[in-house]
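A.B. asks: As a plain string of letters, each chain reads:
Number of protein chains: 2
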Amino acid sequence: MFEQLGLIGCGLMGGSFALAMKKAGLVKRVVGYSKSPSTTDRARQLGVIDIEAPSALLAAAGADIVLLAVPVSATEATLKAIKHLVTPQMLIMDVGSTKADVAQAARRALRDQVGSFVPAHPITGREVAGVEHAEAELYLGRQVIITPTERTISAHLHKAEELWTALGCRVTQMSPESHDAAFAAVSHLPHLLAFALINAITGQAEGDEYLALAGPGFRDFTRIAASDPKVWRDILLANREEVLAQSQRFQQALQTLEKAMQEGNAQSLEDMLTLASETRAHWRMGAQRGTKIR
Amino acid sequence: MFEQLGLIGCGLMGGSFALAMKKAGLVKRVVGYSKSPSTTDRARQLGVIDIEAPSALLAAAGADIVLLAVPVSATEATLKAIKHLVTPQMLIMDVGSTKADVAQAARRALRDQVGSFVPAHPITGREVAGVEHAEAELYLGRQVIITPTERTISAHLHKAEELWTALGCRVTQMSPESHDAAFAAVSHLPHLLAFALINAITGQAEGDEYLALAGPGFRDFTRIAASDPKVWRDILLANREEVLAQSQRFQQALQTLEKAMQEGNAQSLEDMLTLASETRAHWRMGAQRGTKIR
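From first to last, the protein sequence lines stand for chains A and B.
In terms of the UniProt record's numbering, the first sequence is residues 1 to 294.
In terms of the UniProt record's numbering, the second sequence is residues 1 to 294.
Each hint should be verified, as a subset may be incorrect.
[To be verified] Computed cross-link-like contacts, DSSO-like style, restricted to lysine-lysine with a CA-CA straight-line distance of at most 27 Å:
#1 B:259 / B:80
#2 A:230 / B:83
#3 B:259 / A:259
#4 A:159 / A:259
#5 A:259 / B:230
#6 B:230 / B:159
#7 A:28 / A:80
#8 B:80 / B:159
#9 B:159 / B:259
[Claimed, not checked] Derived CB-CB ranges, DEER-like:
#10 A:150 / B:135: 47 to 57 Å
#11 A:274 / B:150: 46 to 56 Å
#12 B:158 / A:36: 30 to 40 Å
No lab work stands behind these hints: they were computed from the structure.
Note that this is a predicted model, so its numbers are computed, not measured.
We treat Cβ as the ideally placed atom computed from N, Cα and C, and that holds for glycine.
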């Protein structure tokens, strides 16, 4: 399907994309660039990329598909760096967790060429970073949210949908703003809460003792607190308004539960816990498939 | 090691204990009782118990070991129900997630016989309830916290330690109060937060839409929100002071993160996320083994 993938950012997300594309036979060559030369080198040694590029521009040169897999705050600078080589035939995508800021960055950086850019967010990840953890199956069975801009060329949009579908993903389209509102609630806020819980515990004199006693519930609840701090710094800042609004709603829900505890209102507490428990017990990951939301 | 286990409460925790005891060859017979006759019946059909008892008292009759696996608020009434048949030779344990209230309930219910009671909390569980999900391996490799009272007979204490060790657990001893303070932080609060997050999301008009988009991070973070509402109502009420105190610390940590977001203070935010991420990345479940705390 593609001759040459220009991969900018050879970490977990980018490296896994390259491996998945190769495994699916969707690309002939992968030219890769990472900010850290040792990462690019390691990516080649591991067979994640075929050729090392010394710059983002050279990674994009001659590519018919370019993937940006960098922290979202680096999107604009990266797109500016490759702008001179962007052609209308080139499909450019990212994999960032926020989309309104990425769409804005693309408009500013690419200007007339912004139609080549298809913002994408695959709903996957791991709590470990780095090309060493890249795996061809990271995207398999996951949802991918595509948030086209008003300028996105529809041929590129269809190509992007076909590509992700061929990688075993279910594609959903929505606006960047709807995306950011939804993921503030179900992804960005949970990360913020997990980070806050760890810091609240370690801020206590007995914190280490407490952590040594924690079991499987704690393990799963806090898994995402081990996520990459720079990636999450960017996400929490880029989508801060939606995240702060969701955090307010969360604190209200928490305080409603606390009130029932303080009052010893067992029935009210049980009712609220039952609502949460039943909702979560019936929830299935990715239950809604490939639909358009707004 | 034991002739007869009297199992009071044949759900996930009790049923799994019976299966583990049988598998390890530690008990000859299991006599079981559950409040719901259909549960007791099902437990016998599944081979979790050998004989159905029509009451807690009859489940305890003739047993040399009794396990209470009931919601913590039922501890006192259950111990009162079996008091007439409690002998100094009988080892009685529970598996409740709170310990100060359970120790108090045991003192009130058993009076002179309280020395037979060894309060225990195995750090395990699943988000599904019921004897159908009972499994012999639920306790394998887990920590068990034993919180003896001032009256606990030391022979029983040693027997309890040997038993849990034989089931593949690591035993830690501490006071009921230290236990409740620690588990408020690493278990009870995370459950409260997970319940609150689900209710905050479903309380929004777009809640169902948002939930349909959630991925693996959300799945793991909220797994414990599917826990049994009655069990958790009891735990949150029994340990409410410690949980509310931990919730205050948590909200302060959350608001410190929010402040950095509001101010756009990327460095401060990154520093706090790095602290949390490194702490969680280095954490290992049950790293502290079989030590005495206070």
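A.B. asks: Next step is simple, just say for each hint if it's right about the structure.
C.D. replies: We went through each hint and held it up to the structure:
Straight-line distance between C-alpha atoms of residue 259 (chain B) and residue 80 (chain B) comes to about 52 Å, which puts the hinted pair past the 27 Å bound. For the suggested pair residue 230 (chain A) and residue 83 (chain B), the alpha carbons sit about 59 Å apart, so the restraint of at most 27 Å is broken. Between residue 259 (chain B) and residue 259 (chain A) the alpha-carbon distance is near 25 Å, which keeps this suggested pair within the 27 Å criterion. Annotation: proposed proximity of residue 159 (chain A) to residue 259 (chain A) is violated, straight-line Cα distance about 52 Å (limit 27 Å).
For the hint linking residue 259 (chain A) to residue 230 (chain B), the alpha-carbon distance of about 17 Å falls within 27 Å, and the restraint holds. The straight-line distance between the Cα atoms of residue 230 (chain B) and residue 159 (chain B) is roughly 31 Å, outside the 27 Å bound, and the hint therefore fails. For the hint linking residue 28 (chain A) to residue 80 (chain A), the alpha-carbon distance of about 26 Å falls within 27 Å, and the restraint holds. At roughly 23 Å between alpha-carbon atoms, residue 80 (chain B) and residue 159 (chain B) fall within 27 Å of each other, so this suggested pair holds.
This hinted pair does not check out: residue 159 (chain B) and residue 259 (chain B) have alpha carbons roughly 52 Å apart, beyond 27 Å. Under the hint 47 to 57 Å, the C-beta atoms of residue 150 (chain A) and residue 135 (chain B), about 54 Å apart, fit the expected range. Checked against the hint of 46 to 56 Å, the pair residue 274 (chain A) and residue 150 (chain B) fails, with Cβ atoms roughly 38 Å apart. Distance hint for residue 158 (chain B) and residue 36 (chain A): a CB-CB separation of about 56 Å, inconsistent with the stated range 30 to 40 Å.
Hints 1, 2, 4, 6, 9, 11, 12 from the list above are not met by this structure, while the remaining hints are.
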